[in-house]
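Each chain, letter by letter, is given below.
Protein chains: 2
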Amino acid sequence: MRRDGLVCAIVIGNIPSQTSDSRADDKGGARVARSEQFTVGVDFGTLSGRAVVVRVSDGAELGSAVHDYAHGVLDQRLPAAERPLAPDWALQVPEDYREVLRNAVPAAVSSAGVDPLDVVGIATDFTACTMVPTLADGTPLNEVEGYADRPHAYVKLWKHHAAQGQADRINRLAEERGEAWLPRYGGLISSEWEFAKGLQLFEEDRELYDAMEHWVEAADWIVWQLCGTYVRNACTAGYKGIYQDGAYPSAEFLHALAPGFEGFVPDKLEHAIGQLGEVAGRLTAEAAAWTGLPEGIAVAVGNVDAHVTAPAAQATEPGQMVAIMGTSTCHVMNHDGLVEVPGMCGVVDGGIVAGSWGYEAGQSGVGDIFGWFTHTSVPAAYVEAAAAAGVTLHEHLTRLASEQAVGEHGLVALDWHSGNRSVLVDHELSGAVVGLTLATKPEDVYRALLEATAFGTRVIVETFRASGVPVEEFVVAGGLAKNALLMQIYADVTRLPLSVIDSEQGPALGSAIHAAVAAGAYPDVPTAAKSMGKVRKSVFGPDEGRAQVYDALFAEYRALHDHFGRATATMRNLKAIRRQALS
Amino acid sequence: MRRDGLVCAIVIGNIPSQTSDSRADDKGGARVARSEQFTVGVDFGTLSGRAVVVRVSDGAELGSAVHDYAHGVLDQRLPAAERPLAPDWALQVPEDYREVLRNAVPAAVSSAGVDPLDVVGIATDFTACTMVPTLADGTPLNEVEGYADRPHAYVKLWKHHAAQGQADRINRLAEERGEAWLPRYGGLISSEWEFAKGLQLFEEDRELYDAMEHWVEAADWIVWQLCGTYVRNACTAGYKGIYQDGAYPSAEFLHALAPGFEGFVPDKLEHAIGQLGEVAGRLTAEAAAWTGLPEGIAVAVGNVDAHVTAPAAQATEPGQMVAIMGTSTCHVMNHDGLVEVPGMCGVVDGGIVAGSWGYEAGQSGVGDIFGWFTHTSVPAAYVEAAAAAGVTLHEHLTRLASEQAVGEHGLVALDWHSGNRSVLVDHELSGAVVGLTLATKPEDVYRALLEATAFGTRVIVETFRASGVPVEEFVVAGGLAKNALLMQIYADVTRLPLSVIDSEQGPALGSAIHAAVAAGAYPDVPTAAKSMGKVRKSVFGPDEGRAQVYDALFAEYRALHDHFGRATATMRNLKAIRRQALS
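From first to last, the protein sequence lines stand for chains R and W. Each number in our numbering corresponds to the 1-based position in the first sequence with 552 added. Each number in our numbering corresponds to the 1-based position in the second sequence with 552 added.
No lab work stands behind these hints, which were simulated from the structure alone. Among the hints, a few may not be true.
Note that identical chains are pooled: a pair holds if it fits in a single copy or bridges any two copies.
In silico DSS-like cross-links for lysine-lysine, where the CA-CA straight-line distance does not exceed 30 Å [as the list claims (entries may be wrong)]:
(1) 1082 x 1034
(2) 1127 x 1082
(3) 1089 x 993
(4) 993 x 1127
(5) 993 x 1086
(6) 1082 x 993
(7) 711 x 993
Since we're looking at a predicted model, the values are computed, not measured.
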């Protein structure tokens, strides 16, 4: 391997033995099975990028490599700058993304042992909404002379939360004016999205805003780097860019929001839309040199890490809800028609698969609630017992919790430690635990928190169903899929068959599937997913006895949900009292 | 000291210097200030008895001694028995109480350095309701030949909770029949009290019930041991024995409860009532030999640990609410008239001080909630930081919590981990914490729990006021009085001046005050309390700024209180689901 130490190349353990048949012979021997083709999927995460090399015929993951971003997340100060960034800022450096192309891609190809010439396409997925301000040619503003010390010249990462004031004004005005697009987002435009972040830039660094020629999703910027063509992907344009029915928010709306901002759409945002799985362009000579891949191969339209996972889990059909469960959970699913589901995150035509309406919902806190609990609320004896058993504290608590009958702990919790995104759409909500006694143990509360997130999912599932979007299967991807107790709880609580993605690198696999479609190996993403996606079907099923007890507990969850989420202002008042106390 | 190792004699640190003037000169010198008189107060607790020697003139505590009960609490099996006791049983051995008289009393006198001949009276207080089944002469049934292996022959300690079924039936029937006495107890007769425990004995060991000639409060049995006379004290007769307006529950009621039980009152329970502070009798020769005190000195009518504390804290006037704050809190206060306060524990004529109506309320869980939290919900780093600072975990959490502004934690909790005794009177209620976020720290929850108990007290204070029983001062006794943050929170939350008893052994001091009155040194208990009681007046006062924020937080507590305590069955349902899961 010729790359530097930042690259971590991983040879996937379960490569089918015949893959070696398709390797080029370094000694100049004849190629065997020359017909095997491969694609590269690159998943750009929050702290690193991961490339995976996948066989087009069956989706076998032959090798992968990870490259950490040299600058990580800038949330304290700019590179080589003294002045601290304000709270809630989160920036990145575009060159870090290019470095993933230069390092992780060739390392993955090398570790896979495939001939780069057999790679027929590349596709990428990205965190979103992550925004790059650029010149007309795609040069990020932080690379323009004189702008390196301007915070607004850098990439605004998805978790840059400093545009909340702008988001609040967008929502208030949209509600006042009855903007038709607002219900497409469950009634709430996020501070993370394109308009709020763009308005912040407009209001806080007007000179830079004026110099900016494109306000580009990083998902599209990286594709631009690969193929030299700027194509706006339908997914982020819809979910993050308020692009609905062929239009963005009107100039009148934007003028009412901030005089002078009415040019934002035509001047900065608007651009040709590409559907997911389409070809955005061909790999340039420069990008071929970076990646070691053949010039001219297909580069797919950009995508988002959550949405791209659906085909990786063979879950692109209506009725299949895919949950990417990690620190938070993102739910995506396709449906043939357009309906407005109360409190969803968004519905976008072609948002997940071209030709279907893609629905998204979310739970703000899932794994991070479990993590918070282990860090703040578990005594030393449990940590020691976990260490003695050679397991993590999560595993130890899970083991203890799994010994309980459903309802034995006598608790019900609300999983709103980070607010509620679906279906209440209220970030002022907070978590709660009800039913505590002097006999309550840490594993009791831990289990109640696991269950609370399952109840939160059931609320989403029931809301989709009640709106006319059936949910018939629950497909889990993401790190939490490893917790068998959690999976069984979700199956019991939702009474749905629960399938689990059979890949450790779902988003990158999903990108590789899109690359295969862009390269013409399959006619469309669902077809490609059938061959290349990997899922263990219905590995967890509901147990009727447990499900019945959960029905009773869910009724209590639902009562708390409606009481604290709708009927009373208790949680909002507590936040207001807290803010007053801290002011 | 001539006693065995079980006795722990303590010389009180702050004896005024002149006390030595009144000591007998061991070398045969003349007595000085021969007129100084002393009394002995003995406090019978759950695990030990404590005797204190007090100077009658000013209440100075000159010496004390503690004697542990050899058998402690029998909750697993009888002494030398194999067969386990059923769950929720809690028994004691009467001989352990006599041992306190034989050991702690002389040790206390010795440690005080007073001449036993200068002791003019003795009084006792006891846990309640703690019941001794006896023969006509006071012999406990477990000491009767052939009964030592019968669980029902032993003392049923206050926390014997195996008569819940009987209590439930008593309450149901009393409510159906509209018994006039039920509202005097806030609508609930406890499973801990005389009738429930007596009915359990009647139903579970009829032979023993028939052999029993008196069903005696331990508070009265110990007095009987001292003076040879059985006098039923007005306090327990009222609060625990349903003695109201000169009568007990009727024979008709008892017959309806259980045919055959109608003779319970005349045959087992009824006896001459003595008022608090009166002489029950004179110290017998036998008891004089046990205690080393002069035969014939006054023995006061029995009393209860909580109620006897009021005069020890100089808090016998109307408007003074005394809170004995430990694992739970008992509130007692006097008022000139009779009103029925919703959800109080009881109102008894002469229940605290003869001639006044004594009111009692209670919070089931206070210190034990804080203790539960430290044991189950605090990570190792806090334990280590406390150790490094040389303080307890409670002190460490309190220190951290005290650095916060009111409301800064954003939480509100319900302090019902052991149910709610006042004013909701519902043991099926449970605890809750609302407002949790990923930023919530252990000290936040700890402070919220401290505050929750203060809010619970405020509900009681407001209910008393609304019923026409004014509360103008809050007087704290018990172990939690040491926590200055907790005391300040109570002052801020209740907006009451908060006084603190200035004795480490309030109940024993209170008993010594009663002994002084019984001995004729003072005309009545309130007068004696003025000279002998000890209190630091108004050491904590409400801060208006904090009180205003607490008004806002209390409004949220009150909303949760009414929601979970009255409007919904959530907590009761959770308990039912739990019971079902465990069955």
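**Report entry** 30 Å Cα threshold - placement of residue 993 relative to residue 1089
**Finding:** Neither: 35 Å inside a chain and 40 Å across chains, both beyond 30 Å.
Requested in this report: With 30 Å as the alpha-carbon cut-off, assign the pair residue 993 and residue 1086 to within, between, both or neither.
Outcome: neither (39 Å within a copy, 41 Å between copies)
Query raised in the report: For the identical chains here, do residue 1127 and residue 1082 meet the 30 Å Cα criterion within one copy, between copies, both, or neither?
Result: This pair counts as neither: shortest intra-copy Cα distance 47 Å, inter-copy 48 Å.
Query - Within, between, both or neither, where residue 1082 and residue 1034 count as close if Cα-Cα is 30 Å or less - result: Answer is within; shortest intra-copy Cα gap is 23 Å, inter-copy 69 Å.
Query raised in the report: When no copy is named, should residue 993 and residue 1127 be tagged within, between, both, or neither for a Cα gap of at most 30 Å?
Result: Intra 28 Å, inter 15 Å, cutoff 30 Å: intra and inter.
Requested in this report: Could you figure out if residue 1082 and residue 993 sit no more than 30 Å apart (CA to CA) within one copy, between two copies, both or neither?
Outcome: neither (45 Å within a copy, 47 Å between copies)
Query - Within, between, both or neither: residue 711, residue 993 at alpha-carbon 30 Å - result: between (34 Å within a copy, 23 Å between copies)
Consistency note: the structure conflicts with the earlier hints numbered 2, 3, 5 and 6.
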